[in-house]
Structure formats: C-alpha cells, structure tokens
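Asks: Sequence:
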Amino acid sequence: MEKLKNGKVFIWMQMLGFEREDADRGADRFLNQTGFVPDGACALLFHPDFVNQHRGMDEEYELPADNCAYYGIPRNSERERQPWTNHDLRDLARNLAASGTGMYAGIMGSTIGDAFHREWIADHPEIYSHRRGGGRHGHFALKRFADGTYYEDFFVDQLCRTLVDYGFKGVHLSDGFCPNGNIFHGDYSTDLVTQFVDHTGFVLPDTIKAGLGNDEAETEDARGDWIWRHARAEWIEFLCWRWERFFAKICARVHAVGCEVMVLGMYCTDPFETKYCLGMDMARIMRAGVDYLTANILPTSVFISSPWETQDYFFHRYMAIAPTTAAHIRDGHLISMAGVQDATEEWDVMKHAPCLHERDLYTMMAYQLAEKNGSRRALEGYFLCLGDGIQREDWNWERERMEIAFSADVERTLSPVMLWSDYAYERMLNEYIDTRRWTPFKLFYELAKAGTHCGACVRSEDLDSFSGTLLVPDFDMLSPEEQRMIAAYDRGTVICTALGGFRPEAYGIKPAVLIADRFSNRPLTAFAFGGSASASVSDELLAAVEALLSVDDGAPNLEGEPADVEDHPYTLVDTLRFAKVTTGFRDAVALLLQSLSDCPLTCDTPYMAFQLTNGAYRLYLFNKTDYQYRRAFVTMKPTVADTRVVSSFPILPVRYKDEATGGLVHHYTGEISSKQSFEVKLQPGGVTILDVFPSE
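Each residue of the sequence shown is one higher than the one before, starting from 0 at the first, in numbering that gives the first Met the number 0.
Treat each hint with caution, since some may be false.
[Stated by the list, open to error] Ranges between beta-carbon positions, derived for each pair: (1) L211 <-> H53: 55 to 63 angstroms; (2) G614 <-> N556: 48 to 56 angstroms; (3) D330 <-> M484: 15 to 23 angstroms; (4) H53 <-> A487: 55 to 63 angstroms; (5) R74 <-> S98: 19 to 27 angstroms; (6) W396 <-> R490: 41 to 49 angstroms; (7) E539 <-> P479: 35 to 43 angstroms; (8) T634 <-> E410: 16 to 24 angstroms; (9) S406 <-> Q627: 52 to 60 angstroms; (10) A487 <-> L211: 51 to 59 angstroms; (11) V202 <-> R74: 31 to 39 angstroms; (12) R398 <-> R643: 17 to 25 angstroms.
[To be verified] For lysine to aspartate or glutamate, the following EDC-like pairs were computed, each having C-alpha atoms within a straight-line distance of at most 20 angstroms: (13) K4 <-> D408; (14) K208 <-> E233; (15) K579 <-> D690; (16) K371 <-> D489; (17) K509 <-> E480; (18) K2 <-> D563; (19) K579 <-> E558; (20) K509 <-> E560; (21) K350 <-> E399; (22) K636 <-> D563; (23) K4 <-> E18; (24) K448 <-> D625; (25) K371 <-> D463; (26) K2 <-> D27; (27) K371 <-> E399; (28) K2 <-> E399; (29) K579 <-> D475; (30) K579 <-> E565; (31) K371 <-> D433; (32) K371 <-> D461; (33) K579 <-> D563; (34) K208 <-> D220; (35) K579 <-> D538; (36) K680 <-> D690; (37) K371 <-> E402; (38) K2 <-> E402.
Since the hints were made in silico from the structure, they are not lab data. These figures come from a predicted structure and were not determined experimentally. Every residue, glycine too, gets a C-beta built ideally from N, C-alpha and C.
Full structure from sequences and hints, please.
Replies: In structure tokens form, the structure reads like this:
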C-alpha cells in the first residue's frame, strides 16, 4: 500500500474512525479501508483539555467523551463511541507511525459547559473569548491569566509534553487556537486592550481608559465601538502581530521536540478578509514557522448545511481562496480541507451531492501559481474532513478522483492570470476602510461568476518570466516600480482596474478600451492594452460592452462614510461590505478579459485552460447548471490531433464537428475531415476535464 502520487492527502477524523478493541487499536483496519497510505491522520480530539489537562503517561486513565468523539456524539455510521484511554491512543499513534503515516493531534478552543468533564477553563475564566453583548465563547489563546502571565506559555509547555508522550507527528490547531470569529464583535476585554496599548503606545481617550478593569457588556461594547471607529487599522495590525508572536513561540518549541504545526489559519476567507475580519496575516504566521496551512476551501459542505441558496456563489468565492492564498504566502505548505462528510454536523457531500463534491476536488487542484521557474499547483493536496465512517468502496471513489486531480503536470496557464502585489495588499487595509473598494479576491471570483475564470496568480516579482493574458486589480495601488513594469508589459493583453477617474495615459498607457461604472457613486474603471487588444476590439465587441454598461442593476449605492458601514458578523458568506459595482460593469470586464485573451480556444461554457509539459492542453469545462446535464462546444485555434477524457465522466469520447457535413460525430463512427471543433457532455453541477493534443 502506497501514498498517492503528485500530491499530499491528510485525513481529519474523529476517534470513531478507529477500533479500540483491535490489537493495534485499529491502525491496520483504517489503512485497509482507505486503500492508500495518507500523509497523516489527524485525530479530531476536539476539546482543548486534551492538552490543558494532560497529566502524563505514568497511569492509564480514560479520556473524556469529548476527546473520543467530536462534541462527544454517541456514534457515527460505523460504531458507537468507545472509551479510549491515554495508553490506547498512544498505541494507535505508534502503530500508525510504524505503518508509514503519522498521527496529528487536532484540537479546537471550544467549551461545552462541563458536559462530559470539569473543564479547565471553568477555573480560568479570564481565558474566555469575550464577545459583544457580554458573550463568552470558548478559549482565546492570546489572553493572559489573572497574574499577568500568558496562556500561550502554559499551553506550549503542555502541548510539547502531550506530543512527546503520545508519539504524535504534530498538532493541528483550529477554532480558538487561530481566529474563528469576526473581530468586529470582540474581544475587547481589559486584558486584550491593555496588550494593544502596551504594544502600540496608542493613547486612549480618558473616557475609554477609565473603563479598563470593567468588562461588563455595556463598557466593553463602548470600548469596542471606539476602537473600531478610531483605531481600526491599528487594532487589526496589533492582532496580526499577536498571532504572529503566538505562532513563532509555538512553532519554535514544537519543532524543537521534532514535531510539526498545522494551522487552520482562516475561516473560509481570502488573505485580506482573513486580516480584516479575523486579525491574522497568513504570510506572517507561515514565516513564523507554521508547517502546513489547512485552508478550508469547502463550498459544497458549507452550502448544503447552511440556509443560503445560491450554490454558484459559494463555489466561485471559495475556489478563489486557493490561488490568492498561494500567492500571498508564497512559501510554506498550503493544503485545503475538502468536505467529505461529518457525523457530528450531520452532512455528507459524498453521498448527497457527489457531482458538486467531485467538482470541488478537481477544481481546487487546478489553480496554479506562476513563478520564475515555471508553474506549480497552488495547493499541495487535501485535508479531508471528516474521514471516519467511510467504507472501502467509498474511499476507492474518493481516491480515483484525487488521483485525477493530481494528474496535471502544468507548464503554463493559458487562461488569464491575476497579478498579486504584496505592496497593494499592505495598502488595502486603510484603503478598504476609506473606500470599500473591491479587493483582488472579490474581482477574481466575481469574474468567475460572470463566466470568465482566471487560472492562476503571479506575484509581481515573477512577472518578468510570465507570458500570457494578465489581469491587474487596483493598478492605482501598485508601487511605482510595479506600475512601470505593467505599463511596459508586451507579452500578452493586460486588463487593469482602478478607482474611477484614473487616467492610464499618465503612465504611458494607450488603452484600446477604457470603461467606467456609470451607476456607482464610487465607481471603478477598467482599461485594456497590449498584446492583441487593439486588433481584437471590434465594433461588435464594443457594442456588447456598451449594452452591459448602459443598464443599472438597481443595487443601492453605499451612502455616508465608508468607515461607518456595518460589518457582517460571519465569514462563511460575502463578509466584506463593498461600494457598489454594477453587475453590467462586472460582466463587461469579464467579456473584455475573455474576448481579448490570448487563450488558444473558444468555448460556450465557462472554462479554465492550461498547457501541460507534454504539450497537451488541459481543459476544465464547467456546467453552470446544478440539476441538468449540458454539453460544451469547444473550438481550438490549432488543429486537434486527439482528445482524451481525464475526468470520471463522460465515458464516451468527444464528438467532433465534421466541417464537410456540419454534423457532430464520435471519431469511432468514421473519419473526420477536420478535428478543430468538438462537443463534450457535462454532468449536473460538474466539471469535465479533457486533454487536447494539438497537431504538430
């Protein structure tokens, strides 16, 4: 039994996925069910008291029920919750390590009111996370004890002892040990605000200063209101510094005992949203030593277990996390959760939404990061959640699709590629507060919703090695050096956005097209130049763009001061509030990007395209309809020598258009006069993957 090739697979799972009564505590049974050796099994031990209350291995003791199952549930589809002891779990960790994988301890910062044991935090209430309205919500790992010492110092001592005593490969830290609540809603406790003042030297007004020491709801809320209105950027930067400091300390100590640190580090959020809404800079915690960032790009599982109704919204928004986060962190291991099923939260996308789940698996591994040395996949692999209760035949289904997703050896991205600028990212915090302009992430996924997919990001320092169609968000926020580099770019079409009133001529750019949002009181503008832009701007295209720009979609404009706009409480939806961008303007940008692209094909359905190292074009063709089959019609600019269906569906090969008859036929029905255009079937809500081999 081997690991999967070309990508990593970690499995996050409850202890319900292992059999305590087996002699090896279920290690062989688990691997026989998966049919492959994962790069790691992460035990969802859930409750942080697994670490907080760890008392060594000298005596055997039974672990609380909320370590033996997520929230202590009584069963999953496979077995009843079992009474695991500390020695049982140590045996399992050792046996998994001997089998070629390793076990990570996965904990959250949740509390469940002493439901199964006397919780550690009940005796240390100062570590609770404070929320607006007087709420208390689990652990907040950045806080201090009543004596002024830091919880993180206690925690890292306990953590290292725990990892060594059990023989774990590492730890996975999620909710509570990284942000999981919008910081607009807290924590504004005396402890955290005092840390803020001590670090920044920020001078609070006397009225706010006088309330320190009083953490009743009304006083805390007033403190939070003042900070959010008058010191928002400083507060966010402080929290980014605190989390960086926290992880630097954790990683140094955990690495010293030979273990790894995996971190959720986001909450279905992109780099800027993670910073603004959660107070964490993912690039900084990776530089602090985090080994794996386990991004939660799981649109289908979030959607089917939520009350919201627009599936496309989740899919495009969540998928854009992969390339933008890869560009942001640049270095370090980036993998992504892929929602499979969860007995505690009671959802199962493998059984209840298999086409959408397959689309998630394929698409998240398609995105690339263009670099000086070529191209690499944005994500290194999957962090499957949850993996308990899955039988061998279902693992076979999952493994087949993961292997397909890992099979692309990409040389370059043919679809448009979006520029990532660290300089613009750092400027965006104050800019967003002041203007509520679209972020690069927002532009990326809104264009995908409009039917034009970017396939990668490229960092500005790697641009000199890149050729192809380039999307540049926020040209006016780039550094002068980056602006000069973009203005001189001559290896493909460039489409840029900027705030309204921007004049590209001032930068030596002669746009072939310049448009503005006519119905926004804080409009965006967009312009195209370079490559084939001038030659491709036809009267027909300009008429289509004009038709889109001339209609107001009726969405309300943002009124008043942007800084006063109310922030959304949750991050699973479109959290950030933006100034109005008319749907017609968005669609016009998408049309220009698609029409002026240098991609060597046209298609009547949304797609992404890449060139593989063997010369083939890999196409991802998306069905916009979740409940019906569709067909995609593709016309390649080069003549086609052959095509191969890579995805699990369809079974039959493509149907080529016969130029002599105009009909569509499969190649096995006879000779085709020209293989340049073809049609292929798409499953409901799915994506068909093709390799197209051009004639030499």
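Asks: Look at each hint and say if it fits the structure.
Replies: Checked hints:
1. Distance hint for L211 and H53: a CB-CB separation of about 34 angstroms, inconsistent with the stated range 55 to 63 angstroms.
2. Under the hint 48 to 56 angstroms, the C-beta atoms of G614 and N556, about 50 angstroms apart, fit the expected range.
3. Range check, D330 to M484: Cβ separation about 22 angstroms, and the 15 to 23 angstroms hint holds.
4. Taking the beta carbon of each, H53 and A487 are about 59 angstroms apart, inside 55 to 63 angstroms as hinted.
5. Checking the proposed 19 to 27 angstroms range against R74 and S98 shows it holds: the Cβ atoms sit about 26 angstroms from each other.
6. At about 42 angstroms, the beta-carbon gap between W396 and R490 stays in the expected band of 41 to 49 angstroms.
7. Separated by about 37 angstroms at the C-beta atoms, E539 and P479 satisfy the suggested range of 35 to 43 angstroms.
8. Look at T634 against E410: about 22 angstroms separates their beta carbons, and that is inside 16 to 24 angstroms.
9. A C-beta distance of roughly 28 angstroms is found between S406 and Q627, which places it outside the suggested range of 52 to 60 angstroms.
10. In this structure, A487 and L211 meet the distance hint of 51 to 59 angstroms, their C-beta atoms being roughly 54 angstroms apart.
11. Between V202 and R74 the CB atoms are about 56 angstroms apart, so this pair departs from the stated range of 31 to 39 angstroms.
12. Between R398 and R643 the CB atoms are about 20 angstroms apart, so this pair conforms to the stated range of 17 to 25 angstroms.
13. Between K4 and D408, the direct Cα distance comes to roughly 12 angstroms. Compliance with the 20 angstroms bound is thereby established for this hinted pair.
14. Using a Cα cut-off of 20 angstroms, the hinted pair K208 and E233 holds, with the two alpha carbons roughly 17 angstroms apart.
15. With a C-alpha separation of about 40 angstroms, the suggested pairing of K579 with D690 is violated against the 20 angstroms cut-off.
16. Between the alpha carbons of K371 and D489 the distance comes to roughly 17 angstroms, so the proposed pair stays at or under 20 angstroms and holds.
17. At most 20 angstroms may separate the alpha-carbon atoms for a hinted pair to count; K509 and E480 meet this at roughly 18 angstroms.
18. Distance restraint check for K2 and D563: the Cα-Cα separation of roughly 52 angstroms exceeds the 20 angstroms cut-off, and the hinted pair is therefore not satisfied.
19. Restraint check for K579 and E558: the C-alpha separation of about 10 angstroms stays at or below 20 angstroms, so the hint holds.
20. In summary, the hint linking K509 to E560 is not supported, as the alpha carbons are separated by about 34 angstroms, beyond the 20 angstroms threshold.
21. Restraint check: the Cα-Cα separation between K350 and E399 comes to about 16 angstroms, which is no more than 20 angstroms; the hinted pair holds.
22. With a C-alpha separation of about 51 angstroms, the suggested pair K636 and D563 falls outside the 20 angstroms cut-off, and the hint is violated.
23. Of the pairs offered as hints, the one joining K4 and E18 is violated, with about 28 angstroms between alpha carbons and a cut-off of 20 angstroms exceeded.
24. Of the supplied pair hints, the one linking K448 and D625 holds, its CA atoms being roughly 14 angstroms apart against a limit of 20 angstroms.
25. Between the alpha carbons of K371 and D463 the distance comes to roughly 8 angstroms, so the proposed pair stays at or under 20 angstroms and holds.
26. The hinted pair formed by K2 and D27 meets the criterion: a straight-line CA distance of about 15 angstroms does not exceed 20 angstroms.
27. With a C-alpha separation of about 32 angstroms, the suggested pair K371 and E399 falls outside the 20 angstroms cut-off, and the hint is violated.
28. Between K2 and E399 the CA atoms are separated by roughly 13 angstroms; this keeps the pair inside 20 angstroms, and the hint holds.
29. With a CA separation close to 19 angstroms, the supplied pair K579 and D475 stays within the 20 angstroms bound.
30. Note on K579 and E565: the hinted pairing holds, with a Cα-Cα distance of about 15 angstroms set against a maximum of 20 angstroms.
31. Proximity of K371 to D433 is assessed by CA-CA distance (about 35 angstroms); at most 20 angstroms being required, the pair is judged violated.
32. For the hint linking K371 to D461, the alpha-carbon distance of about 5 angstroms falls within 20 angstroms, and the restraint holds.
33. A C-alpha spacing of about 15 angstroms is found between K579 and D563, which places the hinted pair at or below 20 angstroms, so the restraint holds.
34. Proximity of K208 to D220 is assessed by CA-CA distance (about 13 angstroms); at most 20 angstroms being required, the pair is judged to hold.
35. The straight-line distance between the Cα atoms of K579 and D538 is roughly 28 angstroms, outside the 20 angstroms bound, and the hint therefore fails.
36. Annotation: proposed proximity of K680 to D690 holds, straight-line Cα distance about 14 angstroms (limit 20 angstroms).
37. Proposed proximity of K371 and E402 is contradicted: the alpha carbons are some 27 angstroms apart, above 20 angstroms.
38. Distance restraint check for K2 and E402: the Cα-Cα separation of roughly 11 angstroms lies within the 20 angstroms cut-off, and the hinted pair is therefore satisfied.
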